[in-house]
Structure formats: C-alpha cells, structure tokens
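J.: Sequence:
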Amino acid sequence: MSGGIQVFLVSKCFKRGFGNLIVGAIGGGKKRVYSERVFEGLRGVLFECNKGKIFVLIDSRRYTREIQQFRKIKQVKTCLSGNPGVRKIYTNEASIFGQRYYRTSSQSYNCYLADLEEKANASMNDPKQQYLYYKSLLNSYPEFIISRYEDTGAARNKDCDLIYAKALESTGQMEKAMLVRKHINSDLGNTYSDNSTQKSENTHANTQENPSGSNANNNQLLSNYSNMSMVQSFSQNTKKNPIYVVTEESRQTKIFKWARFILSFTFVGYLIVLLSTIFAESAGVLRSLNKSQDIEASGDNLPDVKFSDICGVDEAKEDLQEVVDFLKNPEKFTALGGKLPKGVLLIGPPGTGKTMLAKAVAKEAGVSFFFMSGSEFDEMYVGIGAKRVRELFNIAKNRSPSIVFIDELDAIGSKRNPKDSAYIKQTLNQLLVELDGFSNKEGIIIMAATNFPESLDPALIRPGRFDKHVIVPLPDIRGRLSILKQHTKKIRMANDIDLTVLARGTPGFSGADLQNLVNQAAIKSSKLNSTYVSMKDLEWARDKILMGTERKNAFITEESKRNTAYHEGGHALVALYTPGAMKLHKATIIPRGSSLGMVMQLPDMDKYTESKKEFLAKIDVALGGRVAEELTLGKDNITSGSLSDIQNATAIAKAMVTQYGMSDKVGPVAYDQDLSRLSSSTKALVESEIKTLLEEAQARATNILKTHKKELDRLAKALIEFETLTSDEIEKAIRGEKIDHLD
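Residue numbers (the numbering used here): 1 to 743.
If you're looking for bench data, these hints aren't it; they were derived computationally from the structure. We put the beta carbon where it would ideally sit given N, CA and C, even for glycine. Be aware that a few hints might be false.
Below, in silico cross-link-like pairs of lysine to any residue (SDA-like), each with a Cα-Cα straight-line distance of 25 Å or less [unchecked claim]:
id	residue 1	residue 2
1	K397	N417
2	K135	S186
3	K586	T557
4	K468	T557
5	K654	K732
6	K691	Q647
7	K363	E454
8	K490	K524
9	K527	I545
10	K158	N139
11	K166	D126
12	K709	L694
13	K536	K613
14	K552	M535
15	K306	K489
16	K524	G508
17	K342	E391
18	K732	L631
19	K342	E454
20	K561	K691
21	K561	G634
22	K527	G548
23	K613	K485
24	K561	V305
25	K339	Q426
26	K738	L694
27	K709	E737
28	K691	E737
29	K586	E558
30	K490	S186
Between beta-carbon pairs, the in silico distance windows are [said to hold, decoys possible]:
id	residue 1	residue 2	range
31	T500	T707	32 to 42 Å
32	M535	S400	26 to 36 Å
33	E322	N703	30 to 40 Å
34	N398	S455	24 to 34 Å
35	S400	I545	35 to 45 Å
36	T500	A670	35 to 45 Å
37	T682	G437	34 to 44 Å
38	Y608	N398	42 to 52 Å
39	Q515	E696	38 to 48 Å
40	G337	E315	44 to 54 Å
Build the full structure now, drawing on both the sequences and the hints.
T.: Structure, rendered in structure tokens:
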C-alpha cells in the first residue's frame, strides 16, 4: 500500500543473515545507518526510502544491530518476500501502518486473518470474500466487522448482513441489530440484493474505466453505494415494513420523565387515601344506621332467662323483683305518690350474673329489652357516641314499657377530667341529658352494670339517675352449691358425686367460674370416653383452674420427689394435729404450675372473720413443711421449696401485729403496711413480735413432727407411691393401713 509502512516478520532462523541479505540484495548506493526502533510495542528496523517505508520485525527482542538504508524500496521488498522465514503482517493503526494488527494468542491465526483481510481488500466487490473475512472476525473482533461494514463500502449480501447483525449483538447494540434482522427477514431483501449487485457492477465498471483512480475515491464511491443501498432499502416504508426510528433521550428529558412519574405516583396515592377515607366514613355512617336497626330489632326478642335460672344471688333477685312489679303494675306504686328509681346500677365482680339479672327482669316483666355495651357507643368519629345514645333512648320511648341495659357502664361513664377535650365528654353528657329527659310514668327502666363503681362520674350515680344500687357479690358456699346443681342438670354425672365438697373447695369462684369448671370436667370425661362425669374429673378441673395444668412430663429426680413428699407430709400432719386448723382435703406431689406439690384444706362454711387461734394454726401449717425438711434432711440440706410458705406465714404474722391488734407488746393499734414510716423503736418492736410469732409456730410444728415421726415416714412413703392422697387415704397412711387407691 503506497504511503503506508509495510511490516515484514523475520523469523529466528533467518536472523543471522539479515544484514547480508539486505546488502546483497540491494547492492551499492548511498548508505545511512539506523538503529533499532519500536512501533506498537514491536521491535524492528525501519527502512526509509524515497518511495516508501518498510518496517522489518525481528522475533528476538534482544536482537540489535545497525542496518543500512537504501533508496530502492522495490529491491528490499523483493528480497524479503522471496526468502524463507519472512512473512508480511499488519498492525492495528491504519494511520501509521495502513493495516490491522491482530492480537490473538496464536501467531498463525493472526497471519491467517491478515491474509483474509488482504484478499478482502483486493476484492472489495466480492461479497463472498467479504463474508469469509467477516466470519473469521466474528468471535474475536466483532468491532472490526462493524467498522468495515459501515465505513469501507465493501460489497455485501444477506450473509454479510446476518454477520453484521450478530456483531452488533455481541457489542450490545441490540436495537440496531433488531432493525437489521427485520430488514433481512423482510421482503425488501430481494430488492436490497438486486440493488447491491447493480451497484457493484457499476462500481466495477467505473473502476475499469478509471484504473488510475486513488483508493480514497474508490472508498468514497463504495461508501456512497453502501449508504444509498441502506437508505433505499429502509426508505420503502410500507404497512408490513414500517420505519423504526430510535432516538437517544437527553438528560433533561429523563429528568422530566422521572419527575412526572413521581408526581403521578404521589397523586395516585393521594387519591387512594382520599377514596379510602370517604369509604370508611360512609361505612361508619352505614354501621351507625345498621346499629340503630339492630337495637330496634333486638327489642322484639325477649330474653330467655328467668329468675329461676339464676342461682347464688338471692338478695339481688329480691331487689330487682320490685322493678318487675313496677313494670307489671305501675299503679300500685304511684297510688300513694311513690316513685320507682329511674336507673338501677348492678355492681359486682365479673361473672356474677349482672347481665343475666337484667335479662331476667325483662323476661319476668314481659317488656322489650334493649341491650348495648359501653364500648359500642364510641367510634373513631366524633359525635357517633352521642348520636347512638339519642337513638337508643328514642327507640326505648317508642317501645315503652321497656328496659334499656348498658353493660360495662364505666366505658362511657368514667369520671370527667377538666383537662379532657370537649368531644371526649359528649357521650357521657348526652347520657346524662337522656336520663333527665323522661319521667317515671313513661315505663322505661334504665339498668347498667359495672365492675368498677368507684370510677364512675358522681353526676351519673346521683339520686334521680342511677340512684338504686344493687350489689351482686360472689356466691357463698350455699350459692356455689346451688350454681353447681344448676349447671350439672344437663350433665350426665356419676352417682357418688358430692357437690358439697366441690362447693367447699371453690371459695372465691363466681358463677362463670363454676360453669367453666363443670364444662372442663365434661370435656375431660369425653376425652377419656367415659359414660359419665366423675368426682375425680370435677376435682381435676378445679385444680387446673386454681393451680394450673399438671406437669406430667416434668423430670423429677427420686431425691427431689422424696423431699417433696416429706415437705407436703409435714404440712398434712401439722394440719391434722393443730387445733383450729381447717380440715384436710387432699395432698399431692404432682407438679402444677410453679409448685412441686400441695396440701389442700377446706373450710366447713364460708368465713368472714377469723380468730387468733385460726391465724396461729395457719402459721403452724405453713411452717410444717420447712420443719419436716429439717428433721429428715438436716438443717444444711433444707431446700428453697419453703419460700412461698415462709412468705405466707410472715404475711399472716405481720397482719396480726400491725392490723388486727393480736400482739400484747404492740397493743391494739393499726399500722401501715410500709414499716419504713414508723419510728425506729416502734419498727423494731413490730419486727420483734413478728419474729416471735414465727419462732413459736416453728417450735410447735417441730414438736408435732418429732412426736409423730413414724407417721410422717409412712405418709411420705404413701405419697411417693400414689402421688395424690385424699383425707381418708392420709389417715389410713399414718395409721399404717393398706390404701386402696384408684387412679
């Protein structure tokens, strides 16, 4: 190529005769010495002549020698090309060397590519030769294909277009490749091929006519051909083959699109929240309307509870019987000028039957019954509570005589605080207005129930509103017995069940607790496939409610089991031999909750007061377990199982000294539970008396257990064997009799 630097490779085997070869081939002439040069990282010797330049590349980089330069370039080229070990190669900078340099790992493959390029350059109008060159470059140099295809104007066919598309895909130009493939697959392919052939012939003819034309003119012509061919092909816009135009967005356009997206997203989110709020408000209004309809519909159905179905609250039933009589025969009470209270407030712990009593009043009187819970009035919107209070009383007035019952009155009737906002007081204020807005002659009774009467607003419970208070206490032993009988009517019970024992063992149980006890016993019996509920099932249900579920899977060592047996045996023996102690019911060493065992004592009847003798007996029994451990294990081996016993004994002794006046030295005075407020001398005296009571109780328990040591051993052995013993079995065990224990 004229004007460029042609590069020849001289192998190692030809290196020694290199200088002689040049000199011998050229002969004489004007000489000029040049040293070794470097081009593109390659070492060699540059020959400069008046007609061109030749760069001789030598394999060995260590080879350095001076070579003379000659003017006649053709003789050097002829000499080099005609000798073995010499091969022409190409570099990658056309501006310096005129041809490409291939940097693959295989030198032979580099030379193969160079030969294909030379042939392709020599046959610019032959698409097959271009295709062979493109195909060889595809895997290693796809960018060479793109630059040659787009810039040189070489001939091309459908195969060349396909290689060009693959090269675009290899370099990541997917959109451009898609357009090329669409062009290939379209019906314009034939037109494109015909045009290419015609242009190639024209170009060839022009070349024959003007053989002396420069390469630049030829390349320009081929480039024009390429552009004309592509433009002509793509310009035929049809319905099946539309023109696809791809433009690159500017930075400002991208910023605008993102800003528009963010604003649109924010606006849509705002609309969603707005619509949700509107829907919620509409739903709240609908619920409010439906609530009014539900209240009115509930008044049509009389409750199915009568006074005979309620047990354990006889005094409360007597008080409410007056309300029933007033609703049935109001003239009887108004004849003498008397007035029945407008409101009746039922006060008592949870589960004692307050709601059932209100329903029973409506059932007995045969009037409409409207029920609402205090939590149903207020919602998230201001004014809903006051609106529902007005609706409730309007419905009751229209359906008089009637009973309006508000359960959990403290939810809306708690004491007002001046710091509260006005809307918080709206429901209560409306309730007060409605209570004053009707007379006794209208036949409307307002009943309400609460567990916390002390939290109610004084204006609500003043005379003229809720001025009749009915206490509904926890049932006593007779009440519990009647409740148990009521709940066991529909349960298939064993013949030997003694509900009196169960009533004695459930102090503090409400009616709901007793119903739950019977229900759990029935469920357990059903799991065991029993045909009836036994006393054992009822005892199990009571123990589960009081102490938790049995820990049957708890791993208890034999030593720990033995210690627990002696501990519980100590409690039982002291209870048996201490005057004033409650009767034994049973003893067990089965773990329940946080306890490893327990001894249960039952009173004969409910007690509301206790004597000093009974208090001392409780302390003695509480310390009996600790004393039993000392006698059997030694003082150094006592366990921490006595923690709760010592706490209970200390609490009883402290109450005797500071509250009940049962200490001779302290006297009949009552002190606060916090002893830190007392003077140092009084505090020391109180603590001394508490300690004295505990030490005396420990001495009494020690005396009992030492006296009955053999009985303690027998009882502990029986507990280890059977784990649970009743009072009768305990007495048999301490007498050494055989126990017929049934699981």
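J.: Quick check: which numbered hints come out false for this structure?
T.: 1, 4, 5, 7, 13, 20, 23, 24, 25, 26, 28, 30, 32, 33, 37 and 40
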